[in-house]
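S.K.: Residues per chain, in single letters:
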Amino acid sequence: MLFPNAVLAGYAMGEVTKLLERARGGDAAAWDRVVELIYDDLKRIARGVLGGQGSATLNPTGLVHDCYLRLSRAGAEGVLNRDHFMALAARAMRQLMLNHARDRVAAKRGGGAQHTTLGEVAAEVHAEAEQLIALDAALTRLAAIDERLVRVVECRVFAGLTEEETAAAMETSLRSAQRLYLDARTQLAGLLAG
Amino acid sequence: MNSTPRSPLDLLEPGALLAGPLFRSMLGKVANQSRLPAGTRLGAFRIAEEIGAGGMGVVYRAERDDGQYRQQVAIKCVSGGGGPDSQALFRRERQVLAEIRHPHIARLLDGGEHSDGRLWFAMELVDGARIDAHVRQLGLGIAARLGLLRQAIDAVSFAHQRLLLHRDIKPGNVLIDADGGVKLLDFGIASLVGDSNAVHAYSPGWASPEQLAGAEVGPASDQYQLGLLLDAVLRNDVAPAVLSAPTPATTGAPAATGSTARRVAPECWIAMPAARRAELRAIVERATAFDATARYGSVAEFGAELDRWLQLRPVAAHGGGFWYGLRCAVRRHPLVASGIAATLLGVALLIGAFSWRLAQERDLARAAAARAEREAASAQAINQFLRNDLIRAADPYGVNAKDAPIGELIEKAIPRVQERLAEQPAIAAELYAALGATLLNLGKPEPAAQAMDLAIERLTALHGARDERVLQQRLYRADVEEYAARYDTLRAQLDAIKADAAPLGAKHRVAIAVDRYLAWCDYITGDFAAAASGFEDARQRSIGNASVDDESRASIQAGLSLALSRLNRYQEALDAASEARRLRSVALGPDHPETLGIGIESATALVGLDRIEEAVRILGDIYLRFRERFGPAHSQTIIAAHELGVNLGRLERFDEAIAPLAAAVEAKRAAFGPASGNTMNSMAQLALVQVRAGRVDAAQATVDAIASGGYVAQNDYDRRSESLLYRIMGEIALADGRPEEARRLCEQSRGEVEKFFPEGHLARLQTRACLALAYWGIDPSDRARQDLLALQPSLDAAGRVGAFWQAKVDVAAGASNP
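Protein chains in written order, with the numbering used here: chain F, 1 to 194; chain G, 1 to 818.
I should point out that these hints are in silico values taken from the structure, not numbers from a laboratory.
Treat the hints loosely; a few may be bogus.
Sample of chain G residues at the chain F side, in silico, Cβ under 8 Å [to be verified]:
1) Leu22
2) Met26
3) His104
4) Tyr775
Where chain G lies over chain F, by a calculated footprint (3+ residues, C-beta under 8 Å) [claimed, not checked]:
5) 91-103
6) 145-151
7) 154-167
8) 171-178
Here are some of the chain F residues that sit facing chain G, going by a computed Cβ distance under 7 Å [said to hold, decoys possible]:
9) Glu124
10) Val125
11) Ala134
12) Leu135
Don't be surprised by glycine CBs; every beta carbon is placed ideally from N, CA and C.
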């Protein structure tokens with residue numbers, strides 16, 4: 001079967017392309033669908049990682065690649081630019097991880113009970129979730145300064161792209177991508193300190 | 001252990017976020033919706049296979065795997081994300097759930113957290129259909145449907161009294177177990193998993209308004225779901241009216257959880273009078289009121305209301321009022337109430353109430369008629385099962401360990417018939433008769449006789465001693481005597497039945513059946529002439545007799561055929577067999593085993609007519625069909641295999657004959673044991689074709705197996721077969737170059753053969769021929785040559801068998817006298 005998941009199967013081939021184009025253009029509903037697409041692939045990969053074969057390492061870049069290949073086969077090929085898609089996927093990953101972080105923090109608050117018995121792993125997750133929420137808030141503010149600084153962080157941090165891949169996704173030179181990332185770190189440090 | 005970043009900036013290190021605990025926990029949550037492979041160990045259990053998946057998780061069948069004891073369980077795995085913060089809380093609640101014991105609640109046995117974070121719950125495994133599918137499939141009436149729902153309500157009420165909520169009642173969680181009772185699954189699982197994301201996990205359409213609103217959830221929420229369940233159980237068909245809902249989910253997008261209420265649809269319910277429908281609708285609507293405080297005070301109250309409805313009493317949910325109360329009074333006590341009505345409200349009201357009641361009665365009568373029809377059909381189905389499936393499956397050859405438990409079960413069932421059906425002697429009699437027939441076929445003549453005697457007793461009490469049903473059952477009872485080979489008792493019983501059946505007239509089918517049994521009795525006791533005339537007489541009386549069915553006619557013709565074959569009247573026997581086959585084909589169909597079985601009679605007659613090729617064709621055909629249809633161990637298959645092998649041997653197709661005879665031997669050894677004469681007979685025939693096919697070692701192994709199997713002759717039939725066995729062993733010794741041993745064996749054979757076979761019989765001739773060859777083998781003297789020459793005229797006259805021995809004689813004579 002060409003379309004292994006329900007989300008994709010709900011769309012005709014041409015529509016996938018339109019959907020991605022609309023998402024890039026800022027259409028919120030289309031954006032939600034892209035997040036679902038990525039999430040679906042994430043599920044598939046999570047099964048592979050945790051479902052049995054033992055390897056705990058995950059290559060998120062591979063995840064994004066897989067997702068792209070699947071979309072290409074779904075008819076987006078030729079229209080959908082691979083590098084654009086990488087940037088889009090990185091943004092989707094940010095969204096997914098933020099949602100998850102919020103769920104974790106909310107779950108802990110919602111329980112209302114003492115947290116003394118929380119396991120060590122759970123405590124780590126909780127701490128990182130709160131860090132991520134803070135980082136996301138800083139990124140949102142950073143977007144007002146320079147949208148490109150946000151894109152570069154998304155590619156490097158959330159999609160795990162290499163410097164070269166990041167440069168390609170942002171349609172810029174390797175050197176520019178490196179500089180942008182350094183700038184972003186500096187700006188974020190300022191925003192988080194302030 | 002991963003070091004936890006102290007600042008959000010640490011997350012900016014490439015790879016840090018994706019290698020950290022938050023990302024892993026997200027993957028864990030995502031993977032919770034994935035399947036666990038078979039063999040995965042969860043606590044003391046090992047997953048065997050997936051058996052279902054729902055909004056809340058995946059369900060597996062699992063087996064206890066800690067070496068303690070064997071136990072099958074259902075394991076439900078659910079997402080652990082957003083679960084209870086405290087492990088202690090989880091354990092405490094799990095303990096409370098595990099202690100709940102109710103016949104209609106599937107027990108929680110164990111639970112825990114898998115290494116990837118998902119929670120699992122081991123529950124009593126219930127193998128059954130969903131309640132809604134069950135009621136529709138069986139086409140249950142309204143009372144039966146409400147009865148099942150009452151069980152679910154009782155179970156929920158029981159739990160509420162122990163301060164436990166279900167939170168996820170829906171048809172998928174209410175199964176009907178093997179005993180036809182309700183089992184509620186997943187009790188309290190929703191609360192164990194935790195509230196924070198429980199809304200996402202609820203099945204679309206089944207969440208109560210307070211669940212959807214994320215408000216405090218109490219017993220009224222379970223009542224709401226039970227109300228929806230009642231609606232679902234009353235529906236005639238698959239629910240059309242579930243509003244669309246987003247997938248319960250875990251996507252990051254803010255979930256749109258509102259506005260997904262299931263609609264109650266009384267117009268889809270099964271048929272019932274309009275007024276009754278309106279009442280029931282009021283009950284369902286009250287239980288599913290949007291405002292929790294508008295519902296019944298408790299689930300128990302909801303149940304009590306349904307009881308009132310079933311008892312035709314006024315229900316609280318109905319707006320009520322004077323008219324309503326009066327109508328209820330009328331339907332409960334129509335005569336008294338119509339009197340009241342006449343006095344108080346006059347004739348107009350009386351007519352109104354009466355016509356209403358008439359309409360209701362008509363609906364009820366329709367329902368009752370449909371139910372009665374169904375019940376009759378199911379009773380018939382039970383009987384058909386017992387008589388056809390069970391009895392045919394448990395054929396007389398099947399007396400082995402495998403069937404013993406069935407026989408014991410049936411034996412134990414006999415006293416229970418009396419307990420359960422003391423008030424219904426007619427049904428009891430039917431059951432006794434069927435159980436008796438089954439027991440007989442399972443090789444248990446004594447309990448069979450006991451059951452059949454009870455059947456006769458009940459039938460006699462019901463219909464009188466001379467009733468044809470009684471006489472018919474006494475005929476079946478006589479089968480027990482035949483089975484036990486008590487032929488004197490058999491004949492005495494048949495004579496008694498014949499005397500009692502005399503008033504019915506000679507042409508009555510029972511009278512004809514008695515005579516058929518008597519003729520069969522003659523046949524098995526060896527009086528073939530009497531048997532033939534008995535069958536012939538029965539045949540004459542059944543001509544143009546509409547009371548005799550085709551199956552009985554066929555049995556008469558089949559018996560006649562066998563008797564005529566024994567009288568060497570083979571052509572008539574063949575005609576009778578053909579007629580029997582035609583009749584059975586009409587009555588039962590051309591491929592029915594009883595129809596095909598006549599092939600044995602036809603083949604017997606054909607062999608007598610020396611039309612052995614035709615006999616072999618028929619036997620080859622029915623052997624394959626029987627083996628395909630019943631398997632190699634079935635009695636008919638065994639008979640066909642044996643006869644086929646023997647007749648292939650007659651055609652000197654020895655190589656082909658080995659396989660069917662070997663199959664017959666194997667099946668008979670399993671059925672009768674290696675020591676049985678019946679088994680020995682087939683083994684002797686196998687050894688014969690083996691030695692004649694030139695496989696001397698195999699033939700020797702076969703006769704050795706007879707000796708080591710512990711065979712001892714039980715009767716004259718065995719001794720007759722044994723007399724032939726000695727000659728066959730002689731043939732083997734001769735072929736193996738041991739003429740002295742061959743002589744000894746053939747002399748032993750000759751003494752025995754002369755007791756059982758008349759002068760001129762081929763068996764005598766073959767023994768003589770073999771003996772003469774043995775003498776010639778020991779010493780090719782003139783005396784031995786004279787003996788061989790003396791055989792010549794007899795062999796010339798003996799057709800194929802003669803030619804076979806003649807060839808041996810020629811070889812022997814030529815070899816030693818060049």
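S.K.: Determine for every hint whether it applies to the structure shown.
M.R.: Verification of the hints:
no. : hint    : verdict
1   : Leu22   : holds (4 Å)
2   : Met26   : holds (4 Å)
3   : His104  : violated (32 Å)
4   : Tyr775  : violated (80 Å)
5   : 91-103  : holds (count 8)
6   : 145-151 : violated (count 0)
7   : 154-167 : holds (count 4)
8   : 171-178 : violated (count 0)
9   : Glu124  : holds (4 Å)
10  : Val125  : holds (5 Å)
11  : Ala134  : holds (4 Å)
12  : Leu135  : holds (4 Å)
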